[in-house]
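Asks: Under the numbering used here, think of the first position of the sequence shown as 1, with each following residue one higher.
Hints are computed from structural coordinates only; laboratory data are not their basis. Do not rely on the hints blindly, as some may be mistaken.
As the list claims (entries may be wrong) - Ranges of calculated distance between the beta carbons of each label pair, as one might list FRET restraints:
1) 29 - 69: 31 to 37 Å
2) 35 - 71: 18 to 24 Å
3) 66 - 30: 26 to 32 Å
4) 26 - 66: 19 to 25 Å
Note that beta-carbon positions come from the ideal geometry of N, C-alpha and C, so glycine has one too.
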Amino acid sequence: MERHCEFGFSGDEIRGITRQITGVAAGTYRGQSAVAVGVRYTPKPNMVISLSSSADTNNGVGAATGVSFGF
1 MERHCEFGFS GDEIRGITRQ ITGVAAGTYR GQSAVAVGVR YTPKPNMVIS LSSSADTNNG
61 VGAATGVSFG F
């Protein structure tokens with residue numbers, strides 16, 4: 001009797017694994033610095049929720065959020 005095992009992922013499984021993306025960025029220019037953080041979450045294949053924020057050394061802060069739908 002021959003036995004073997006195959007490993008792999010289907011497209012649906014891959015989409016389930018990559019539902020969340022997180023990013024961080026930092027920069028400096030002429031003595032000023034800034035940092036930004038963002039998160040993107042895909043609860044459904046046609047829906048994306050985004051959150052981001054930033055701060056700089058000049059006491060500036062920012063924030064954004066959004067929801068996108070694809071048809």
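Asks: Between the beta carbons of residue 66 and residue 30, is the distance compatible with 26 to 32 Å?
Replies: Taking Cβ atoms as reference, residue 66 and residue 30 lie about 30 Å apart, which means the hint holds.
Asks: Kindly confirm whether 19 to 25 Å is satisfied by the beta carbon distance between residue 26 and residue 66.
Replies: Between residue 26 and residue 66, where Cβ atoms are some 22 Å apart, the hint holds.
Asks: Does 31 to 37 Å hold as the CB distance between residue 29 and residue 69, or does it fail?
Replies: For residue 69 against residue 29, whose Cβ atoms are near 36 Å apart, the range 31 to 37 Å holds.
Asks: Within 18 to 24 Å: is that where the Cβ-Cβ distance between residue 35 and residue 71 falls?
Replies: With Cβ atoms ~35 Å apart, the hint is violated.
Checked against the numbered hints given earlier, this structure breaks only hint 2.
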